[in-house]
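Trainee: Could you put the whole structure together from the sequences, leaning on the hints where they help?
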Amino acid sequence: MTKLKPKANRRYLTYKTMPLEQTPSASHCHLLGREKEWAQLHGLLKGRLPRSLFLFGPAQSGKLALIRSVTRALGLSTSISSCHTGTIHPRLLYQDIVTQLFDIQPEVDLSYAVGKLDHLVNLVTTLKHQSRETMALGRVIVLKESQKLRDLDFNLLPGFLKLQEWTGMNICVVFVSRVSWNKFLLPSGLETPRPMVIHQYTKNQLTRIIASTLQNENSADKPNLSSAFYENYVFYLIGVFYLSNNTLPFLLWIARHHFPAYYSPISAQSVDPDNTRALIRNIEKTLRNSKTEMHIRETGEIDPSLHCSSIANKRIHVELPFHSKFLLIASYLASYNPVNSDKRFFMKHHGSVKKRAPTIRRKEKMSSQLTGPKAFTLDRMMAIFYSIVDDDVRPSANISSQISTLVSLQFLSQVGGEDMLDCPKYKCIIGLDFVAQLAKQVQFEIHRYLVDFT
Amino acid sequence: MPRVTSSGSSRGKRAKRLFSEAEDEPSPPPKEVHDTTPVASSSISKGVFAFPGPQRRQRLQAATSGQKQRKRARKATPSAQSQSSGSASPFERSWTTAWTRFQTWQSDMFADVLAALRAFIQDAHPLGQPLSSTMPTAAFLTGVNLPDHGALFGLLAREIRTRVTPHVASLSAQKHGGVNLKALVQSTVAKLMLIEACERDDEESEMEVGSSGLALKKQNLMMPTLRTWYANQYPVGESRVPLVIILEDFEAFSPTMLQDFMISLCEYATALPLVFVFGIATTVSMIHQRLPYHISRHLAIEKFSGQKSTQLLGKLVEALYSDPQVGCKLGGKTLDRLLEMFIMNDFSVKRFLLGFKYCMFEHFSRLPPPVIALCGGDEQGRKDHLNNLKSEDLDQIRYLASFRRYVESDPQNRARLLTNDGLFREEVIMLLGEIDGHFKRFQLCLRALFWLARDLHGRPFGSQIYSLYRCAFLKPVCQTHEYRDVFDILKLLNPSELMKKMEAHGECLIDSNDESIEKSSVECQRIISKLSAFLKHGVQNPEGSPTIHDKQKVTEPNDEKDIVVKSPKIKKLDRFELQKNLLKQTQEKRQRTVPFDDLRREVLDYFHNFFRAFSNLPTSLPLHEILFFDKVSLVHRHLMPAPRAVIQSALDDPGFYLEHPDLLVNTKAEIPNSYPDLNIIYKLHSECGRLINLFDWLQSWVSIADCDDEENCSDETIDPLQQAKFTQGVSSLQFLGFIKPSKRKTDHVARLTWGGC
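Chains as they are written, first to last, in the numbering used here: chain A, 15 to 468; chain B, 3 to 759.
These aren't lab readings, by the way, just hints derived from the structure by calculation.
All values derive from a computational prediction rather than experimental measurement.
Careful: at least some of the hints might be erroneous.
With a straight-line Cα cutoff of 25 Å, these simulated SDA-like cross-link-like pairs (lysine to any residue) come out [claimed, not checked]:
no.	chain 1	residue 1	chain 2	residue 2
1	B	Lys305	A	Ser304
2	A	Lys162	B	Gln261
3	B	Lys305	A	Asp447
4	B	Lys335	A	Asp404
5	A	Lys388	B	His290
6	A	Lys454	B	Val286
7	A	Lys162	B	Lys335
8	A	Lys454	B	Ser469
9	B	Lys317	A	Glu333
10	A	Lys454	B	Lys310
11	B	Lys310	A	Gln455
12	B	Lys317	B	Lys477
13	A	Lys162	B	Tyr295
14	B	Lys359	B	Ser622
15	B	Lys305	A	Thr300
Some, not all, of what chain B presents toward chain A, calculated at C-beta under 8 Å [what the hints assert, rightly or not]:
no.	residue
16	Lys184
17	Pro226
18	Asn347
19	Asn583
20	Pro645
Backbone N, C-alpha and C fix where the C-beta goes; we use that ideal spot for every residue, glycine too.
Mentor: Put into structure tokens, the structure is as follows:
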């Protein structure tokens, strides 16, 4: 096992952060791999609280766990609430903050307990009123997913930034975000919060964390395994999955998921626990197979009677009525072929295509598979439909009502709202492999009708 | 003109929605549709209908209920007699049978998957363990037959409510998805807390009272309230009743709202035992398309797939034909059309049933009243009914086309049948009994054929029995190419496979108590015993008689061959002779028979005779009109409307379209005064060229519409009323897309359509 050099967190030095004054010993920190950040945050929140903090880092990198651990260690009363609750009404956010901050026993009807909290000014007065006796006590308001604040009422973000000033309390607002501060586009004149960057865990840290978690979980019934055994397993696992997803919860889930399989030769006493190589060879194949479906935590069979070539095809298999299939194919053709190519594909005597310079040049343009579907009018799609469907189909209301069914099944999407009655426009939003599967079922060679493939 | 606009094309999703609403609660008799679902239009055509909102509807209902009842009473009196004499009762009986069959089978078919879902929800949150941050989610793949889903989710919700937990919120995009996130969360919370949701929007003042006697403002129906309520209701450690949220049509929810909704619920994953059921019409991957990874990682998804609707339809079609309670059977072409609509368009069994309902309705309303009681029922009932009929009523039966044909083919009894009522009654009873008997045999034959062909390679008759019905009703099944395919494959089967087929076939025949079927059953048993004897023989000495037989046969041509080979040495090689010899050899090789060949021929002949004997079309028998409905043009016109053609025919020939005798004309060119205004204007416009002078048009309109009073006609000035009518008509034509204003000439409009389409 090679020791990876942890990347020195040099980048956050470019932000104006406070130098660490008194570093508490790492033994206070119970968060593996976050000792440095823990110490930094501890230093920031000790004593007089800053007005606001901005905790910025990628998803699932332990930002909340960090702040929770620090505030608990410092004995600050803390509220952690998600800004998503404010999308329905800011009142919900305020109520959440107040109940957590003052530890109000929740009642079914919250408005009786905390009073009216419809506006920001209510929050400020409530905070003032509640904490008159314990003015100096430190309080921390943590706002999860604070990037959402940008979409809420305009006064929320400035209000939270100035909360300490307005209430006169020892209160700090911590914004936890996945989006950097310069994307917040605030009106000028507001003080920017003190930034703090949390980086994603390094491979080394991940290995340590996951291995120790696994060891804690399994030490009761498998006491004879050393920590090196777990570390070897996790190190190999991370090597396989790190490139596709490097977040801790995911890798932890994967590790837990595959651990019984890894352990099974040992329990059968066919392999020695130290023989890492044999153990790895044992699960190598299952790991590689699970890589394709690892993000999809699904169980249960789809339909055993389906005879599709691969699992991926099985996942997109839909049983559709006959005309719906052709309608989908026609709309796919209408979406991915330019209008001027229709004559070439669907008319009997279209004449020969002259290769002039512009056409050749146009070919070098990006293919329509890359630029995505284009909108088409209903008339054009129906014309294509009638020319590709084999048997004689009468234009009936049943056919056209299928289009709205396809829209509600999310195979087509209507462009420009539903009020365009005389000339509705649609886009086909299905993929090539799905439409190819459909075409195969009705024995239609779709690749011969697509501009990109001819 | 309400009927023209009613068959709107694809345009409105709303139109479709309303149509499916209209089908929501089909109640057995047609006249009650108006009472039970006041929202729904009773029209069978698709289109946009304006309905009053819920409040206004209630008010209207309260105000007009008195009037309505009076009206209905008045309406009922003239037709009461005919109804009591049997016009309504066979229809009602048939429809309730079909509908209850459908419902019980639907619940039977989904019993397995519903039980699995129930078990999943029960075990989702075991009591002892802490709640995990991933929420258990059932992805219920329902298939694309959207109109059937309402009943299915109704079943599911009822099942969960009675067996697992009362806290079920069943949400559909139609009802809840169109509004904002707040309303969605509010209605979810209200349903989970068992609070009767209040429809009205003036929420600030409204106090909601739940089952626990709790009074809440609507604005407080939010997730924190739900959490505290749940903690009070079910204290930690005592019991853990899951809260089930069903999203009936997952695809139809708008993605942004769905994401916000899921995020706001994810917050409470560790506080509340939430379980999701997503009703997905397409594929599981739709979940991952709609929900990004940071949301879907909170879900632990388990897949459940329901039965296909084709299976349900197969059962239903068989039942509709075999149940004597259903007094109307579909003829070949009608069945073909309805099945085509099913297979080609929507896979919806409910739509199929509604189509069947329409056919039944037409059948009973078009039959002469004395005949209706003969549909279905037993022989005694028919006898009683016939004895009650007068001579004129009996004549109506004589007028039936198939009976006339029958009489004309029988010159001896012709006069007696037409004049002697007693004899005629007996004849009718006999003929109807014959149809019943033949139809039973016909069905048995089809079932036997289906069992025979079901697991053959390539499934010539499809995997469900309805496709066989579809074939067999159009022409005698022995003449179809699928039938030939079946026998081609049967020829390739080995003895033991053939034995299995025969045994299955024999079991099919056992239950029947028909004379001719019993005869073939005996024949079948004879062949089975022969086959089994052969099989035993074959097993005892596998290199028994067939191979020995072969050797003898094979040696003969060998001798000849020797001669052939030798002969060229003696005389000059005769190419033609050689060719002849070779041909002879191959033929002999082909003709080489094994004992099994005879047996196989016997089996196949038996099958062939059996199917040929019983597969005559029941619609070829006399008096079949009484039992079979086969007016395919009606089905076409009413169930498969063509949007443009409908408008065209309505404008061109209102007499035909409105089925009004006063409006019928002899020649197409004639424009009678009695036509609706728009029709006159349309007819005048179709006489013009590309550009139409508005003033000339107005003049000719006035000359037709106003020609009653001679004074006006001669007058130079035009009556403003007539002008207003004309203007309105022209603008409706423009709205329908027949003309458009022209910029080339003032006071002219341009025509947009040419000829009849």
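Trainee: Take the hints in turn and mark each one as holding or not.
Mentor: Status of each hint after checking the structure:
no., hint, in the structure
1, B/Lys305 with A/Ser304, "18 Å, holds"
2, A/Lys162 with B/Gln261, "13 Å, holds"
3, B/Lys305 with A/Asp447, "22 Å, holds"
4, B/Lys335 with A/Asp404, "21 Å, holds"
5, A/Lys388 with B/His290, "23 Å, holds"
6, A/Lys454 with B/Val286, "21 Å, holds"
7, A/Lys162 with B/Lys335, "61 Å, violated"
8, A/Lys454 with B/Ser469, "22 Å, holds"
9, B/Lys317 with A/Glu333, "20 Å, holds"
10, A/Lys454 with B/Lys310, "21 Å, holds"
11, B/Lys310 with A/Gln455, "18 Å, holds"
12, B/Lys317 with B/Lys477, "22 Å, holds"
13, A/Lys162 with B/Tyr295, "18 Å, holds"
14, B/Lys359 with B/Ser622, "24 Å, holds"
15, B/Lys305 with A/Thr300, "21 Å, holds"
16, Lys184, "5 Å, holds"
17, Pro226, "6 Å, holds"
18, Asn347, "5 Å, holds"
19, Asn583, "46 Å, violated"
20, Pro645, "6 Å, holds"
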